[in-house]
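Student: Input sequences plus hints: build the corresponding full structure.
Residues per chain are reported as follows:
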Amino acid sequence: MDALIDTLINIGVFVFIGLMIWLYLKDDESC
Amino acid sequence: MFRNPMLMTALGMTLLVACWGFVDTVGLSSLAARIVEIIFRSRGWFIMLTVSTMLLVSIWLAFSRYGSLRLGKEDERPEFSTGTWLAMMFAAGMGVGLLFYGAAEPASHYFLLEKEVDPRWEAPSMALFITNFHWGLHAWAIYGLTSLVIAYFGFRKGTPQMVSAPIYAVFGRRGWTRVTGWLVDLLSIYAIAIGLAGSVAMGVFQVQDGVTALFSLETASMPLTLGIFFTLCIAFILPLTVDLGRGMAMLSNAALILAISLMVYLLLTGPTYFIMNGIVEALGTYASGFFAQGFRTYTFFGPDMTKWFGAWTLNYMVWWLAWAPFVGVFIARISRGRTIREFITGVLLAPTIFSIFWFGTFGGLAFYQAGVGKLNPQTVAEQINQTTFLLLDTLPLSTVTTAVVIVAAFLFVVTSVVSAAFVLAMFSTGGNPAPPVKIKLIWGVILGMLGLVMILSDSVEAVRQIIALSAGPFVFIVILLMVCLLKALKKEKV
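The listed protein sequences correspond, in order, to chains W and C. Last residue of the first sequence: 31 (my numbering), numbering continuous. Last residue of the second sequence: 494 (my numbering), numbering continuous.
Hints listed in this document are in silico derivations from the structure and should not be mistaken for laboratory results. The model shown is predicted, which means the values in this text are computed figures rather than measured ones. One or more hints might be untrue.
FRET-style restraints, in silico, Cβ to Cβ [claimed, not checked]:
| id | chain 1 | residue 1 | chain 2 | residue 2 | range |
| --- | --- | --- | --- | --- | --- |
| 1 | W | 11 | C | 292 | 24 to 32 angstroms |
| 2 | C | 172 | W | 14 | 20 to 28 angstroms |
| 3 | C | 400 | W | 23 | 50 to 58 angstroms |
| 4 | W | 7 | C | 403 | 47 to 55 angstroms |
| 5 | W | 23 | C | 214 | 48 to 56 angstroms |
| 6 | C | 491 | W | 7 | 54 to 62 angstroms |
| 7 | C | 79 | W | 7 | 46 to 54 angstroms |
| 8 | C | 79 | W | 20 | 32 to 40 angstroms |
| 9 | C | 399 | W | 20 | 49 to 57 angstroms |
| 10 | W | 14 | C | 222 | 41 to 49 angstroms |
| 11 | W | 18 | C | 15 | 35 to 43 angstroms |
| 12 | W | 14 | C | 231 | 48 to 56 angstroms |
| 13 | W | 14 | C | 33 | 24 to 32 angstroms |
| 14 | C | 74 | W | 11 | 44 to 52 angstroms |
In silico SDA-like links for lysine to any residue, alpha-carbon gap of 25 angstroms or less [unchecked claim]:
| id | chain 1 | residue 1 | chain 2 | residue 2 |
| --- | --- | --- | --- | --- |
| 15 | C | 487 | C | 62 |
| 16 | C | 490 | W | 20 |
| 17 | W | 26 | C | 490 |
For glycine and all other residues, C-beta sits at the position ideal for the given N, C-alpha and C.
Tutor: In structure tokens, the structure reads:
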């Protein structure tokens, strides 16, 4: 159970890191 | 007030935790400990990576072409002199923790490492290094970068001083930014409330142990603890009803002056040559090792070491994260008119060098007194709250120095709570720079209630776990804020 929780939390972290890199790189006109 | 969903949700959440804590203090702290254990185990690496990245980004910004950008209009100049600026920043960021952990942390690491490290004589040096790592550049990079984001957007782009403001400024107001911005503000309010309540509890523990030492009482009784707590409440509720302006800054400076005087006293009346040798050695070991230490996760060590890493290093890092929105807003307010380079250099270097002197003095003296048999390692390990007073007892005029610690701890907590109630009221009213007294008072009372819950848990460990739990999400928020800043800087014409 602990191993599953760890993996799920880490998948969430990876997705978050990917999202942040994408947000940084994508063009944005609002600023 | 009732039509403000942010305020009502934030009040509801914090009240819920406070009530839960009143009804079942043990249940709350053990649940917090369990969740924190899972978080630290599964994403300890992410916390360390984030904190080290924040430090690297700060250093890069200071040396990059963006370093010359001013936090304000180009012709603006700083409101405070550099000395006052650094003193105010330091008092807000570290406060009562310095008094509490000054001797306790190096001593605690030392007595553990003494058994683990070979050769044994490396233990004091390592203990000081680890303590300095917890209170040094990495801690201040968390504060500095959060504060830089708030100051940059607030003073250059004219956004309100809210943690969510940079998100709206960079990505505009659309579906996902509204939801994220709202959650970011809510979590910031929650993290500040819990973090500050922890500070209230630690302040009460510190004052209570001081009073116990001063009057040679056997142990602190609950009536004494509650008496101190209610005196503290009266002391911080009063300034919330009137605008004291610079009065609070003066009180905070007075606390810092008392603390510095105490450090100088220990340095001069203790074994000065020994303490100074230790400080110079600590400067060297810190300068040569801080970078690598920022990436250490102790994953290849045994369970004891992993547990120690979570209980100290990760706990400290999330603690700084919990305080970041509050200290960030405060540092931003006093830094208007400084350039990014000046800002980062001041925020990172000055407090770190001061911490090395502080812990070098308190820790060095503790090592010395333990070596000559004046300080019992067993007592220190068992009563971490009392280490400062046990140490002061080994020097002359301990009644006076104990009283100084009590007064300084009291002042640090009062000024922190008053400023925090102000920031919480500002955040929960959409960035209103002059929030109503009623809202400030409500937050003052809630901070008091949460503080009381943590006091009832009667354990510094439990206090740290509850803070760590509330600060958990903030690691994601600071990364989002960092992305906002870097994106906005890309468009600056420097």
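Student: Hint by hint, say whether it matches the structure.
Tutor: Evaluation of the provided hints:
no., hint, verdict
1, W:11 to C:292: 24 to 32 angstroms, "holds (28 angstroms)"
2, C:172 to W:14: 20 to 28 angstroms, "holds (27 angstroms)"
3, C:400 to W:23: 50 to 58 angstroms, "holds (56 angstroms)"
4, W:7 to C:403: 47 to 55 angstroms, "holds (54 angstroms)"
5, W:23 to C:214: 48 to 56 angstroms, "holds (55 angstroms)"
6, C:491 to W:7: 54 to 62 angstroms, "violated (39 angstroms)"
7, C:79 to W:7: 46 to 54 angstroms, "holds (50 angstroms)"
8, C:79 to W:20: 32 to 40 angstroms, "holds (34 angstroms)"
9, C:399 to W:20: 49 to 57 angstroms, "holds (54 angstroms)"
10, W:14 to C:222: 41 to 49 angstroms, "holds (48 angstroms)"
11, W:18 to C:15: 35 to 43 angstroms, "holds (37 angstroms)"
12, W:14 to C:231: 48 to 56 angstroms, "holds (50 angstroms)"
13, W:14 to C:33: 24 to 32 angstroms, "holds (26 angstroms)"
14, C:74 to W:11: 44 to 52 angstroms, "holds (46 angstroms)"
15, C:487 to C:62, "holds (16 angstroms)"
16, C:490 to W:20, "holds (16 angstroms)"
17, W:26 to C:490, "holds (12 angstroms)"
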